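Colleague: Each chain, letter by letter, is given below.
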Amino acid sequence: MRPSAARAVDFAVKIRVNPQQTGIDTNVKHSMNPFDEIAVEEAVRLRERLKTEVKSIQAVTIGSPKSIDTLRTALAMGADSAIHVEIPESDPAPEPLAVAKTLKAIIEKQKEGIDIVILGKQAIDDDLGLTGQMLAGLLNWPQATFASKVEVDVAKREVVVVREIDGGGEEIRCKLPLVITTDLRLNVPRYATLPNIMKAKKKPVTKYSAADLGVDLTPQLETLKVTEPPTRVGGGKVESVDELVAKLKEAGITAV
Amino acid sequence: MLRTRAILSSRALSRLYATATSPHALVFLEHRQGIIDSASLSAVTAAGQLGGEVTALVVGSSDHVPTVLNTAKKLKGVTSVLHSTSSQYAESLPEVLSPLLEKLLSDSSPYTHVVSATSSSAKSILPRVAARLDVPAVSDVTSLEHDASSSSTTFTRLIYAGNAIATVRSPSSVPIKFFTVRATAFSAAPAVEDVDAEMKAVDPVQVTDPPTEHLKTTITKSDRPDLGVASRIVSGGRALKNADTFASTLYPLADTLGAAVGASRAAVDAGYVDNSLQVGQTGKVVAPELYMAVGISGAIQHLAGMKDSKLIVAINKDPDAPIFQVADVGLVADLFEAVPELVEKLKQ
Chain S
1 MRPSAARAVD FAVKIRVNPQ QTGIDTNVKH SMNPFDEIAV EEAVRLRERL
51 KTEVKSIQAV TIGSPKSIDT LRTALAMGAD SAIHVEIPES DPAPEPLAVA
101 KTLKAIIEKQ KEGIDIVILG KQAIDDDLGL TGQMLAGLLN WPQATFASKV
151 EVDVAKREVV VVREIDGGGE EIRCKLPLVI TTDLRLNVPR YATLPNIMKA
201 KKKPVTKYSA ADLGVDLTPQ LETLKVTEPP TRVGGGKVES VDELVAKLKE
251 AGITAV
Chain A
1001 MLRTRAILSS RALSRLYATA TSPHALVFLE HRQGIIDSAS LSAVTAAGQL
1051 GGEVTALVVG SSDHVPTVLN TAKKLKGVTS VLHSTSSQYA ESLPEVLSPL
1101 LEKLLSDSSP YTHVVSATSS SAKSILPRVA ARLDVPAVSD VTSLEHDASS
1151 SSTTFTRLIY AGNAIATVRS PSSVPIKFFT VRATAFSAAP AVEDVDAEMK
1201 AVDPVQVTDP PTEHLKTTIT KSDRPDLGVA SRIVSGGRAL KNADTFASTL
1251 YPLADTLGAA VGASRAAVDA GYVDNSLQVG QTGKVVAPEL YMAVGISGAI
1301 QHLAGMKDSK LIVAINKDPD APIFQVADVG LVADLFEAVP ELVEKLKQ
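Residue numbers (my numbering), protein chains in the order written: chain S, 1 to 256; chain A, 1001 to 1348.
Since the hints were made in silico from the structure, they are not lab data. Every value quoted in this text rests on a predicted model; they were computed, and no experiment measured them. Just so you know, even glycine gets a beta-carbon here, dropped at the ideal spot from N, CA and C. Some clues are possibly wrong.
[What the hints assert, rightly or not] Cross-link-like lysine-lysine pairs, in silico, DSSO-like; alpha carbons within 30 angstroms at most: (1) S:Lys149 to A:Lys1216; (2) A:Lys1200 to A:Lys1241; (3) S:Lys249 to A:Lys1317; (4) A:Lys1241 to S:Lys51; (5) A:Lys1216 to S:Lys175; (6) A:Lys1200 to A:Lys1221; (7) S:Lys225 to A:Lys1103; (8) S:Lys247 to A:Lys1103; (9) A:Lys1310 to S:Lys201; (10) S:Lys175 to A:Lys1103; (11) S:Lys237 to A:Lys1345; (12) S:Lys156 to A:Lys1216; (13) S:Lys249 to A:Lys1103; (14) S:Lys149 to S:Lys175; (15) S:Lys55 to S:Lys202; (16) A:Lys1310 to S:Lys237; (17) S:Lys66 to S:Lys202; (18) S:Lys247 to A:Lys1216; (19) A:Lys1221 to S:Lys149; (20) S:Lys247 to A:Lys1200; (21) S:Lys249 to A:Lys1216; (22) S:Lys237 to A:Lys1216.
[To be verified] Which bits of chain S does chain A cover? Going by a derived footprint, with three or more residues having C-beta under 8 angstroms, they are: (23) 216 to 224; (24) 246 to 253.
All chains, full assembly: derive it from the sequences and hints.
Modeller: Pasting the structure below:
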């Protein structure tokens, strides 16, 4: 089992574009990408349900030295070990295809084989939502995206997943090995308790560089600039429902 | 990996010699019960903005493909239609569709771009194909510009829950540019009478023993307009107390206005409505003519899903609720009094 975790600006932080228009001000609180927390949580819950059938849970992150925090959180939540593909602080964030290639290289290095890879459906910074599908494509494994429920049948080596799709839900059955991406309602991640945080410090973290894995992380796309969207100016107020109805009528909105 | 690189660079070179020709986009049209998804029609418009040929791709079972083709061939901007029919294509399973797309996009293919809507189906399929072809993909673009002389396409897209806009260029070194479009940013391509695009059938690529099996699909049934395409939306938040109160308070208002119903994440998490009604960064992104936020405080993640609406109306008891900063018309009032009054007065 392999949850993949990314470090992103905390969801509650107010984003500010930097003056050079090259990116956003990153001197703010960072946390594990919320969807990745859900991924780690699901791995831990699978172990709680399947017990010894889950032989190991490894958390992976690809990022600057500071990303070790993300791995420590995953370890504290219940992962057994972690892998840190360290990239220099000043390097640009790797693109989804590069992340997928890196994960594939790591998976291929695992002697005992990996049966399930769980990722968040999207990172809340770039909102791209591509990595899981790309990894599944590179590995030619089945994929279960936007999972809201996961049921593993170990004996049959099959997983039934309920997915969130436009307008409702879809239930699919996939053979192992499988790539799963998590949607918001798959679970509510636990807070790591202090004893577990202490225990996590002793759990092993293996470090690799991209070169060790034979992967080129150079971005293929060029970010030309990052700008602020036009500020929506609101603030118009009415004092009564009558006034509201009048404003709606002005805008051409009446009962059908 | 080296071999793949070599193939790509020779293709990039041959593209450079062949170009500055126009781009040729392959648009993945999604459909349900024989009707093309409105979001796919926005993808057709976006593909047309690249400035070259547009080939629509229709894949499905024999139950639906013929009906879809009747519309597809008349879409404004579509120059040709490729179609492939198989019982295996009845459901859009990425593992089953990918081999067909890979075949269509192989070495001798003319396509420079692959386009779709950012729907749950297409965004599961397209990145898988892109990775298998060793090319990147760009999600949920809000605008695009293609420069034929440099074979590069520049996109804008929203990042950080819509708090910043990134301008991203896919250069000539990317031989096939995959991207999905935000439907609210591109108008739906209409059907036009004087167009009758060339149609070509493509043999399906049968997948023996697919690793994924579709068991069932549950679409939330509603007589109301679909949230994704409605021109009016009435949306409720946590203040609506429970599922029954949500329904009894908001549905009459939605019905009076002929609106779809949406909800904040808090309301969905609390179980008032189905997940599929969530509007926001990780839910649906909408841009209707009217968005009425009732009892919604206006968290950044919610705003990300509706701040491009033409007219935003907010009703909330809390005068400091962030929603009022983006609302064009705000009413500070108890929604349980204001909404019934509003329904009554609208009907007059």
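Colleague: Each hint needs a verdict: does it hold in this structure or not?
Modeller: These are the hints, each one checked on the structure:
1. S:Lys149 to A:Lys1216: Distance of about 14 angstroms is within 30 angstroms: holds.
2. A:Lys1200 to A:Lys1241: violated (55 angstroms)
3. S:Lys249 to A:Lys1317: holds (23 angstroms)
4. A:Lys1241 to S:Lys51: With a Cα-Cα distance of about 39 angstroms, the restraint between A:Lys1241 and S:Lys51 is violated, given a limit of 30 angstroms.
5. A:Lys1216 to S:Lys175: holds (17 angstroms)
6. A:Lys1200 to A:Lys1221: Judged against 30 angstroms, a Cα distance of about 35 angstroms means the pair is violated.
7. S:Lys225 to A:Lys1103: Answer violated: S:Lys225 to A:Lys1103 is near 35 angstroms, above 30 angstroms.
8. S:Lys247 to A:Lys1103: Judged against 30 angstroms, a Cα distance of about 55 angstroms means the pair is violated.
9. A:Lys1310 to S:Lys201: Violated - the C-alpha atoms of S:Lys201 and A:Lys1310 are around 52 angstroms apart, more than 30 angstroms.
10. S:Lys175 to A:Lys1103: Between S:Lys175 and A:Lys1103 the Cα gap is close to 24 angstroms, so the pair holds against 30 angstroms.
11. S:Lys237 to A:Lys1345: holds (18 angstroms)
12. S:Lys156 to A:Lys1216: holds (20 angstroms)
13. S:Lys249 to A:Lys1103: Cα-Cα ~54 angstroms, so violated.
14. S:Lys149 to S:Lys175: Holds. S:Lys149 to S:Lys175 sits at ~16 angstroms (cutoff 30 angstroms).
15. S:Lys55 to S:Lys202: Distance ~19 angstroms between S:Lys55 and S:Lys202 Cα, so the pair holds.
16. A:Lys1310 to S:Lys237: holds (16 angstroms)
17. S:Lys66 to S:Lys202: Since the Cα atoms of S:Lys66 and S:Lys202 sit roughly 18 angstroms apart, the hinted pair holds (cutoff 30 angstroms).
18. S:Lys247 to A:Lys1216: With a Cα-Cα distance of about 45 angstroms, the restraint between S:Lys247 and A:Lys1216 is violated, given a limit of 30 angstroms.
19. A:Lys1221 to S:Lys149: Given that 30 angstroms is the threshold and the Cα spacing comes to 21 angstroms, the pair holds.
20. S:Lys247 to A:Lys1200: violated (52 angstroms)
21. S:Lys249 to A:Lys1216: Distance ~44 angstroms between S:Lys249 and A:Lys1216 Cα, so the pair is violated.
22. S:Lys237 to A:Lys1216: violated (47 angstroms)
23. 216 to 224: Our answer is that it holds, as 5 residues pass the Cβ test (under 8 angstroms) against chain A, meeting three.
24. 246 to 253: holds (count 4)
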